[in-house]
Amino acid sequence: MNTDRIVVNMGPHHPSTHGVFRAALTLDGETIVGLKPVVGYLHRNHDKIGERNTFLQNMPYTDRLDYFNSMSNNLGYAITVEKLMNIPVAERAEYIRVIMAELSRVQNHLVFIGMLLNDLGAMYTPALYAFEERELILDIFEAVSGARMMCNYLRFGGVVRDIPPYVMQKIKDLVTDRLPAKTDEMERLLSENEVFVSRLKGVRVVDAETAIKYSVTGPVLRAAGVPYDLRRADPYSIYDRFDFDVAVRQNGDMMDNYLIRLDEIRQSLRILEQAVKQIPDGPINSQKPAYQVRVPAGEAYGRIESPKGELAFYVVSNGKPNPWRYHVRPASFVNITCLEQMCIGTKIADFVALLGMLDIVMGELDR
Amino acid sequence: MYGKGILKGLSVTWKRFWDTYTEDISWMLSGKKRYYTEEGIKHRASKHTKGIFTVQYPEEQLIQPEEFRYVPFLVYDEGAEGKKEVRCTSCGICAKVCPPQCIWIVRSNDPNTGRPIPEPTEFYIDADVCMNCGFCAEYCPFDAIIMDHDFDIASYTRNVYGMDKLLKPASYYKNIRPENYERNDAERKAKEAARAAKAAAKPAAPAS
Ligand code: SF4
Ligand code: SF4
Numbered sequence: 001m002n003t004d005r006i007v008v009n010m011g012p013h014h015p016s017t018h019g020v021f022r023a024a025l026t027l028d029g030e031t032i033v034g035l036k037p038v039v040g041y042l043h044r045n046h047d048k049i050g051e052r053n054t055f056l057q058n059m060p061y062t063d064r065l066d067y068f069n070s071m072s073n074n075l076g077y078a079i080t081v082e083k084l085m086n087i088p089v090a091e092r093a094e095y096i097r098v099i100m101a102e103l104s105r106v107q108n109h110l111v112f113i114g115m116l117l118n119d120l121g122a123m124y125t126p127a128l129y130a131f132e133e134r135e136l137i138l139d140i141f142e143a144v145s146g147a148r149m150m151c152n153y154l155r156f157g158g159v160v161r162d163i164p165p166y167v168m169q170k171i172k173d174l175v176t177d178r179l180p181a182k183t184d185e186m187e188r189l190l191s192e193n194e195v196f197v198s199r200l201k202g203v204r205v206v207d208a209e210t211a212i213k214y215s216v217t218g219p220v221l222r223a224a225g226v227p228y229d230l231r232r233a234d235p236y237s238i239y240d241r242f243d244f245d246v247a248v249r250q251n252g253d254m255m256d257n258y259l260i261r262l263d264e265i266r267q268s269l270r271i272l273e274q275a276v277k278q279i280p281d282g283p284i285n286s287q288k289p290a291y292q293v294r295v296p297a298g299e300a301y302g303r304i305e306s307p308k309g310e311l312a313f314y315v316v317s318n319g320k321p322n323p324w325r326y327h328v329r330p331a332s333f334v335n336i337t338c339l340e341q342m343c344i345g346t347k348i349a350d351f352v353a354l355l356g357m358l359d360i361v362m363g364e365l366d367r
Numbered sequence: 001m002y003g004k005g006i007l008k009g010l011s012v013t014w015k016r017f018w019d020t021y022t023e024d025i026s027w028m029l030s031g032k033k034r035y036y037t038e039e040g041i042k043h044r045a046s047k048h049t050k051g052i053f054t055v056q057y058p059e060e061q062l063i064q065p066e067e068f069r070y071v072p073f074l075v076y077d078e079g080a081e082g083k084k085e086v087r088c089t090s091c092g093i094c095a096k097v098c099p100p101q102c103i104w105i106v107r108s109n110d111p112n113t114g115r116p117i118p119e120p121t122e123f124y125i126d127a128d129v130c131m132n133c134g135f136c137a138e139y140c141p142f143d144a145i146i147m148d149h150d151f152d153i154a155s156y157t158r159n160v161y162g163m164d165k166l167l168k169p170a171s172y173y174k175n176i177r178p179e180n181y182e183r184n185d186a187e188r189k190a191k192e193a194a195r196a197a198k199a200a201a202k203p204a205a206p207a208s
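Chain order of the listed sequences is U and Y. Using my numbering, the first residue of the first sequence is number 1, and each one after it goes up by one. Using my numbering, the first residue of the second sequence is number 1, and each one after it goes up by one.
To be clear, the hints were calculated from the coordinates, so they are not data collected in a lab. Idealized CB from N, CA, C, for every residue including glycine. You may find that some hints are simply not true.
Here are the simulated DSSO-like pairs of lysine-lysine, each with C-alpha atoms no more than 30 Å apart in a straight line [as the list claims (entries may be wrong)]:
1) 347(U) to 201(U)
2) 50(Y) to 277(U)
3) 32(Y) to 42(Y)
4) 172(U) to 32(Y)
5) 15(Y) to 172(U)
6) 83(Y) to 165(Y)
7) 191(Y) to 288(U)
8) 288(U) to 320(U)
9) 172(U) to 277(U)
10) 42(Y) to 277(U)
11) 288(U) to 189(Y)
12) 47(Y) to 277(U)
13) 172(U) to 33(Y)
14) 165(Y) to 201(U)
15) 288(U) to 277(U)
16) 36(U) to 172(U)
What the simulated footprint calls covered on chain Y by chain U, stretch by stretch (three residues with Cβ under 8 Å from a Cβ of chain U suffice, anywhere in the stretch; the number is not a length) [said to hold, decoys possible]:
17) 11-23
18) 133-142
Next comes chain U alone, as it looks inside the complex (with noise of 0.2 Å):
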């Protein structure tokens, strides 16, 4: 039969495109035969403004890309300048760190497969159960940092202030007790769903050759084989004190994808649960405060595993009290440029499960 192509337009405003995100679908039928991803409706200028601003004041700033997991953007932002500083981080506060970049990631996955679950058509409930257990965490964030999504908890050289004790109890209650049952729980509610397995199983999401040509990382890299993490290809911070496994799953199909964020998560509260054993008493932090950094000049790149892929940030500064020039590699913008690869020969109704694979988030896609 004589067919004629249609261009479907996703977006910006499908309530499934995670944010303002647009996609030209070419459909041949219901199979996708070409994919154009219209980025930049949330652009904001996140890198210029951060040459106009002193290296301390991007730190708010960094909360906004990734919005889920302010403490990872700070962390990586943090690292690139002190690297540049060549200062160094007091122990206690790597410690602080490591649990609230941890925690942030086990609440990151945790949304990623409600709301995997909420792009599936399955609304609202697990969803809604993911949240309740973010909810707990961010109130966490809430009393340390002072605010439940932008923390702006890191400074150069530590962290801004120390976990209370009664904080620092809820964190011991919630890693050893609340979270692992939570995760058993979801994993209960959905992992043997037949209905949930047949829509993911043997859904080719991309494979690892693909994902390595792309530049593809994160999670979606790891379900495709590739055991490829910075908190061990790169360690920073004080990942090589810690004794876990970089979670890894064969296939790269969805059920895969799906299965390795509930990996991960047990693998970021089993290095919660060392770091909260181990966190030395002392300062949090090595430097005294001051709203003025001296950062002589100098340029640095700075990486970390965000729960999404690999977070960079590419610092340049000559010594005056603003970078002067100061770039963000975030993971989805690098992510999404496999989008087409992926979705290619499949069906439409597979692109918005896809598309949430990938796990984008548009304040650091379009920055």
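With chain U fixed as given, assemble chain Y with the ligands onto it according to the hints.
Same frame as chain U, but now just chain Y with the ligands:
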């Protein structure tokens, strides 16, 4: 068996449903109130919470942790006869450190001598631009600007706050942030004592 996984999943939702009611009933039987009490809200934010643990905003509100931060305010000490002793010396550090640059300060001059006096004539914060980062409060050397807890500020107009709206007494500060207040107070007292000791030592020096 097909459908086993679905049933397993349903058992989770069922348990959640059941938990909500058993929690409510057990709280009722023990004579405590799960809703609209501080104890109940605290329990719903702890690791033991079960079932649905929504806080019924705005009738109930989560208990703000001390560090919670919202648009800052200026602190004044209550002097004799209710005189407002504004702590701010219009040094301008907060305006300088503010990332979105939303603080405007007008310094004051002595009308007779024309010399600057350490108190602002006007002080504006554009609350719509403020990103609640907390830097101003963190780096103010005089603890004159503090992050507020008062977050529900819906209004029909732009929120550019002047001194009339920003000034709040130190007792309010003490109320919302007791621990910080104590710490600051101790520091201020120590500083003042040191200054007094220095002042006392100075005139004594030529006499000896
Ligand atoms: S509030 Fe504090 S930092 Fe700002 S001008 Fe006044 S004294 Fe200086
Ligand atoms: S909280 Fe941050 S953005 Fe708001 S006035 Fe203070 S420094 Fe400026």
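How the hints compare with the structure:
no. : hint             : verdict
1   : 347(U) to 201(U) : holds (15 Å)
2   : 50(Y) to 277(U)  : holds (26 Å)
3   : 32(Y) to 42(Y)   : holds (13 Å)
4   : 172(U) to 32(Y)  : holds (27 Å)
5   : 15(Y) to 172(U)  : holds (25 Å)
6   : 83(Y) to 165(Y)  : holds (17 Å)
7   : 191(Y) to 288(U) : holds (18 Å)
8   : 288(U) to 320(U) : holds (19 Å)
9   : 172(U) to 277(U) : holds (9 Å)
10  : 42(Y) to 277(U)  : holds (25 Å)
11  : 288(U) to 189(Y) : holds (21 Å)
12  : 47(Y) to 277(U)  : holds (19 Å)
13  : 172(U) to 33(Y)  : holds (27 Å)
14  : 165(Y) to 201(U) : violated (59 Å)
15  : 288(U) to 277(U) : holds (27 Å)
16  : 36(U) to 172(U)  : violated (46 Å)
17  : 11-23            : holds (count 4)
18  : 133-142          : holds (count 5)
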